[in-house]
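Chain A is fixed; fit chain B onto it per the hints.
Below, each chain spelled out in residue letters.
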Amino acid sequence: MSDELDEIQAIFFEECVEGLAVAEEGLSAMAAGDTSAGVIAGVFRAVHSIKGGSGAFGHTALLGFSHRFENVLDEVRAGRIAPTPEVTQCLLGAFDILSDHVSAAQTGGDAPDDGLMLEQLDAILAGGGAPAAQPEPEPVAPEPVAAAEDEFGFVPVAAPIIDLDADFDPFGFEPVAVALDDFDAPEAAEPAGWTVRFGPSRAAMANGGEPLLVIRELESMGGEVTAVDSEALPPLAELDPEDSYFVWTLTVPASVDERDIRDCFDFVAPDSLIEVVRAEDTVVGGAEPGVAAFEELPFEPVPFEPISFEAEPVLAEPVPTPAPVAVAAPVEAPRPAVAAPKAEAPKPEAKSGGVEVAQSIRVDLGKLDQLLNLVGELVIRSSILSDRLPPADQERVELPELSRLIRQIQDNVMSLRAQPIKQAFSRVPRMLRDLMAETGKRVQLETTGEMTEVDKGVIEKIGDPLTHMIRNAVDHGIEGPEEREAAGKPAEGTIHLSAEQKGGRIIVRVRDDGRGINRERVRAKAIERGIITADAQLSDEEIDGLICAPGFSTAETISNISGRGVGMDVVRSNVESLGGRLEINSVPGEGTTFSMALPLTLAILDGMIVRLGEQRFVLPLANVIETVQPEPGQVQATSPTSEVIELRGQYLPVRRVGEMFGLRSQRAPEDSLVIIVESDTAGHVGLMVDTIDNRREVVIKSLEDNLHPIRGLGGATILGDGAIALILDVDALVVPGGGFSKYVLKGLAA
Amino acid sequence: MSKLILTVDDSATIRMLLKASLSAQGFRIESANDGEHGLERMHEVKPDLLITDINMPKMDGFELIEAVRKTNEFKGTPILVLSTEFSDEKKTRAREAGATGWITKPFDADRLGAAIRRVCP
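Chains as they are written, first to last, in the working numbering: chain A, 1 to 750; chain B, 751 to 871.
If you are wondering where the hints come from, they were derived from the structure by calculation, not from laboratory data.
It should be emphasised that the depicted structure is a prediction, and the values quoted were computed from it without experimental measurement.
Glycine included, each C-beta is placed from N, C-alpha and C at the ideal position.
All the pointers check out, no bait thrown in.
Partial pick of chain A residues on the chain B-facing surface, computed with a CB cut under 7 Å:
hint	residue
1	Ile-8
2	Ile-11
3	Gly-208
4	Gly-209
Excised from the complex, chain A in its bound form (with noise of 0.2 Å):
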């Protein structure tokens, strides 16, 4: 059972971090101004489960600050708190803190200080007109006790059944005793047995109650039904045979301890006639006991308690106490739903609203990964397959069906791993919280295509560049509010976060609308580190590549923040490990942004193969446009190292793809064929390859576990004849000049 608790522990804690997500994405929506019914429903319900969970496991400073929490949210959900600005600022704050809380309870590490937050969330209560006769439960510990304590059973509230009101008459009746066994008490020497009176209400058993389980259980201690009152039943005609009408009465033994006789009417609906009494104490009276009970008296029900058969004053008593002092106990503790029947019905709950909760079963990633490799070697032998056959039998219906099947599971065990880049985001807004905090600066956070699904594979690695993206667009980027102001910008500077799926790559853009990236600066911080030499030529978009230069890091000039990251050269290392490519581009005075654009997939591509002399090589299709056969003249050289391609009146760059990696081609353009491309670093652009094979799916085996990255180059395939192919990274190829310079860093916008 231990394991078991530990991986259901895990769980939990997979599940506070998705909590976190929900909630952070709801009181962000309500910064934003969205207060909606089912805005707050989300938030509230996110922090309720982790409260939930959280108890399960004693995480006690956690269950504490959660719970405190959510009564904040709580009464914001019923509106009896108004989600101002400030509330939510506020609620924000306790969020971080929650935050930590579950980071603590999962390493095992201090409870952060959540003191003046509670204070303020108490300030929140105290202000927002929550009602004051809700006295708030004591924090921490004494919650799960208290609950403990109030496990079972309903407690009666303003029941408006007559019965037990009849019993205590706000009129001034005596309390009905009750008349049974006359026989002497027995001495002090031995306790009386226990006398018990049970009248099932009529809706007892509407409720799924079964009173006959009660009267079995109390026999099963001993008791006996002594007495069975029918006098409540009604002629045939009308009776109803959902409904009870009896009152057994049934004696335990003195041995039996109340708490147990108690027990067994955990469940028994409120408003039925329950009595449990010594039976030294029976008083022996005029009035007739049962029958009243049933009839609908005339009287108004009034606030008072009936008589109470809820699990704490009862077990708060060590000593079981005479029927009277039964009856009056409850009153002396009147509870605040009482004095207010009904005022306020509970609305009903929100129905889930722009927050939904992934719902989701957990699979580990590495049987993910498994499945994976054994679909890509599918993918291979069905092509190594179709290739062995003869063309004849390449066409029967079996073998397309089959690889449209096999197609469907790759698809299918993609989407498995893929998950919304949003779980990547939603660190984000926590973070420039910090940074505000640090800096002074404000800034506010829009994202546009969280929904985006990306390989979880790199949603766990793009964190750490998004983070110092982030770092440093506050940093370097967004100026103070003075200097926004001056410069005729609103005094909160703007980043935006979006993520977009485009041909077979995912974009995620990091845009600031700050300074924009000092050139003259960076020119000359590359220069003094050597990166550069003082007459280097460099355009804009060279420069600004160099921030991602090995060695160059203009942190300790501007500031202490991005410096404590990883510079930028290793965010862009950590992108193109990811087969992703890191550009920049940068306006002065308006701002930088900061592209990341990465595979989909990290497994399989869809490829074309083409041939370049006697090599094979694999262009993504993603990046394919049209092919084209060019007519003598059609491809024109520009200069000694670079040619065109005229295609409907545009002329396109075209790169001779073979001399690029070395291998000599003697065939002329008008015997080879131009591939037009679409890149994200250079539009299109004609690749000049001799011939096209085929299209083919192809899994990728990266060559980086044995090899250096190689630009040009994004990894290798077994084709389906078991030669190796070398799949091309179009983006690298294109680039001006040859593609195969150190920093080869484009603007987007170029």
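Chain B in isolation, oriented as in the chain A frame:
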């Protein structure tokens, strides 16, 4: 045949805890992750007992209980609410919706088992 219990809770943690602790006590467990799903599963598995959370997306516990009680077949099925809430208001509401009993989270496995046997022997 041991009793079949349907647990409805949007938290996987709670679902798994319930499953682990109740299976150990000899109950068979089915689960659902929100009210809508719970109602569907209710009709599919026809459990001897329903244990449901209150705060859930799509359809909350109150709505689920009301919907279950509307089905003749489930009029007598015991329904326990398992919630971190413990306000009288909520309990009354659950009772009015048709719940048989209320158990406050965090739950103690043995006491929960005892409570279950009480309504569903």
